[in-house]
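A.B. asks: Listed here are the chains, written in short residue letters.
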Amino acid sequence: MSKNIKIHKLKNPLSLDCGAILKSVEIGYETYGQLNSNKTNAILICHALSGDQFVSLTNPITNKPGWWSAVIGPDKLVDTNKYFVICTNVLGGCMGSTGPMSEDENGKIYGLNFPVITISDMVRAQNQLLDDWEIPSLFAIIGGSMGGMQTLDWVANYPDRFFCAVAIATAARHSAQNIAFHEVGRQAIMADPEWQKGQYIEKNTFPNKGLAVARMAAHITYMSDSALHRKFGRNLQNRDALAFGFDADFQVESYLRHQGASFVDRFDANSYLYITRAMDYFDLAANFDGKLTNAFANFKGRACVVSFSSDWHYPPSDSRAIVRAMMAAGVHVSALEVETDKGHDAFLLDEPVFHKALEGFLDAASKEKGLK
Amino acid sequence: MSWRADYTAILNAVPNGARVLDIGCSDGQLMQILQTEKGAIVRGMEISQDGVNACVAKGLSVIQGDADLDLGLFANDAFDMVVLSDTIQATLKPKKILEELKRIGKRAIISLPNFGHWSVRLNLLLNGTMPVTKDLPSTWYETANLHLCTIKDFCILARQSGFKIISITPVNGQKLGEPRQDCGGFINLLAQTAVFILERE
Chain A
1 MSKNIKIHKL
11 KNPLSLDCGA
21 ILKSVEIGYE
31 TYGQLNSNKT
41 NAILICHALS
51 GDQFVSLTNP
61 ITNKPGWWSA
71 VIGPDKLVDT
81 NKYFVICTNV
91 LGGCMGSTGP
101 MSEDENGKIY
111 GLNFPVITIS
121 DMVRAQNQLL
131 DDWEIPSLFA
141 IIGGSMGGMQ
151 TLDWVANYPD
161 RFFCAVAIAT
171 AARHSAQNIA
181 FHEVGRQAIM
191 ADPEWQKGQY
201 IEKNTFPNKG
211 LAVARMAAHI
221 TYMSDSALHR
231 KFGRNLQNRD
241 ALAFGFDADF
251 QVESYLRHQG
261 ASFVDRFDAN
271 SYLYITRAMD
281 YFDLAANFDG
291 KLTNAFANFK
301 GRACVVSFSS
311 DWHYPPSDSR
321 AIVRAMMAAG
331 VHVSALEVET
341 DKGHDAFLLD
351 EPVFHKALEG
361 FLDAASKEKG
371 LK
Chain B
373 MSWRADYTAI
383 LNAVPNGARV
393 LDIGCSDGQL
403 MQILQTEKGA
413 IVRGMEISQD
423 GVNACVAKGL
433 SVIQGDADLD
443 LGLFANDAFD
453 MVVLSDTIQA
463 TLKPKKILEE
473 LKRIGKRAII
483 SLPNFGHWSV
493 RLNLLLNGTM
503 PVTKDLPSTW
513 YETANLHLCT
523 IKDFCILARQ
533 SGFKIISITP
543 VNGQKLGEPR
553 QDCGGFINLL
563 AQTAVFILER
573 E
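If you read the sequences in order, they're chains A and B.
All residue numbers for the first sequence refer to this note's numbering, where the first residue is 1 and numbers rise by one.
All residue numbers for the second sequence refer to this note's numbering, where the first residue is 373 and numbers rise by one.
By construction, these hints were calculated from the structure, which means they are not laboratory data.
This structure is a prediction, so every number in the text was calculated from the model and none was measured.
Please note that the accuracy of each hint is not assured.
As the list claims (entries may be wrong) - Restricting the straight-line Cα-Cα distance to at most 30 Å, the calculated cross-link-like pairs of lysine-lysine (DSBU-like) are:
1) Lys300/A / Lys430/B
2) Lys430/B / Lys82/A
3) Lys410/B / Lys367/A
4) Lys410/B / Lys372/A
Stated by the list, open to error - A short list of chain A residues far from chain B (calculated; beta carbon distances all over 10 Å):
5) Asp240
6) Leu336
7) Ala364
Where is the CB? At the ideal position from N, CA and C, for every residue including glycine.
With the hints as constraints, model all of the structure from the sequences given.
C.D. replies: And the structure:
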């Protein structure tokens with residue numbers, strides 16, 4: 001692993017939902033700002049499927065800006081002069097955290113012998129990391145998409161450990177359509193001969209093509225029809241007329257191919273299998289007698305749920321289900337449905353209405369907590 | 373702090389520490405007043421993004437929603453009081469909304485402009501056109517008020533919908549009148565605005 005990645009080794013073994021216990025777990029992480037003396041200003045950011053811990057400033061691996069650097073950083077909306085921001089690479093990820101690329105106790109690469117993990121397992125690992133760091137409670141937990149699922153899991157399972165929950169463009173369970181899209185991605189990876197039944201590291205290959213196709217299929221779900229149309233329409237790529245062939249005639253094809261090709265440089269194929277599986281398994285109400293309201297019953301903090309009108313991946317109706325359950329549980333919840341044509345990706349883009357609401361929510365909550 | 377006279381009538385009807393839902397809470401002023409003056413546990417719903425953002429920035433728990441579509445979000449008996457201030461006349465289905473209010477809270481507090489006020493009647497009688505008054509300043513083709521009614525009309529609908537009328541308070545400008553139990557006397561002629569306190573039967 002690159003020396004730019006900070007690693008924390010959990011002090012205790014990690015029990016997983018599948019029954020397995022990981023004796024040795026490492027978590028890749030990054031922090032921004034300073035923890036104050038009474039440890040009240042920490043914010044945990046939970047990243048999405050293809051995200052990582054490099055949420056602000058410059059990502060040292062890609063040398064590009066961190067994925068939420070527009071929102072988090074010095075003098076930004078989440079001001080790292082004020083808050084101590086923590087982001088951890090999820091369990092099963094490929095940016096320093098223990099996952100299918102890691103070695104097992106016998107020094108053998110896990111590959112498909114890595115246990116199947118869940119969103120709750122990821123959150124349990126984050127919780128243990130906070131124990132190890134002796135941070136008793138967080139001011140806020142913020143996450144979009146899969147990060148939102150982690151945030152909701154925190155609300156359900158560790159309601160006393162934090163004050164604010166911000167769940168953005170997310171759902172309390174994965175829909176059949178979402179599982180279906182993930183399955184297309186996984187099948188694309190596994191159909192690539194270079195995947196080698198998951199043992200591509202030992203065989204010194206990599207399923208570039210399969211992982212790229214998986215990313216292309218997923219990327220379509222992140223954008224709305226109108227955003228794709230606005231960006232590309234039926235415009236041709238570097239040509240004046242149709243070529244009557246199967247090259248990337250259209251700009252949209254070229255764009256997706258680029259998305260796929262650049263993804264394989266920074267992501268592991270088996271990690272993609274494991275993390276998408278964790279998302280598919282996510283059904284927050286399942287451990288609470290099937291009642292989402294029960295999952296939120298013990299949270300006394302403040303919640304903010306944000307959705308985007310043109311997001312068909314995690315549509316506003318998914319957020320409304322969360323809000324309805326929180327309301328019924330008596331949670332102090334605010335909810336915003338942002339009008340935009342940018343689709344699911346809107347949570348990462350410049351959406352002034354969303355940013356203003358997030359800022360107002362955090363400011364009001366920090367006043368309530370007496371944070372300076 | 374100073375506020376609209378109908379807010380005072382609403383405030384008078386809310387017991388200390390009550391659970392209150394404010395539908396159409398705008399920028400959250402009434403919610404804040406209820407919090408500070410009555411220690412109420414307040415939630416709000418607002419249709420406009422600006423309004424929701426303003427509320428969220430004040431630390432109020434407000435969800436974005438449309439009274440005609442989204443009252444289903446709230447559980448049965450979730451609130452002691454449901455407030456609908458200057459909103460019901462602008463909804464698509466006032467009767468359906470009354471039924472939802474009955475389900476969500478024990479009592480409903482509803483304020484509305486009175487189309488039976490003498491100035492409205494006179495305006496129509498003399499001009500023969502849809503009235504434009506101080507309280508109803510928009511023309512018929514631009515107004516957001518889809519379902520204007522008189523105090524008497526609303527009394528009939530409230531009873532039909534299974535509500536008991538606890539009180540009707542007339543409001544004229546910043547002046548609050550004496551609350552009464554029905555629409556008898558001259559209230560339907562003299563009140564510009566009315567605040568209804570309803571209780572489900």
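A.B. asks: Under the constraints set out in the numbered hints, which ones does this structure not fulfil?
C.D. replies: 6, 7
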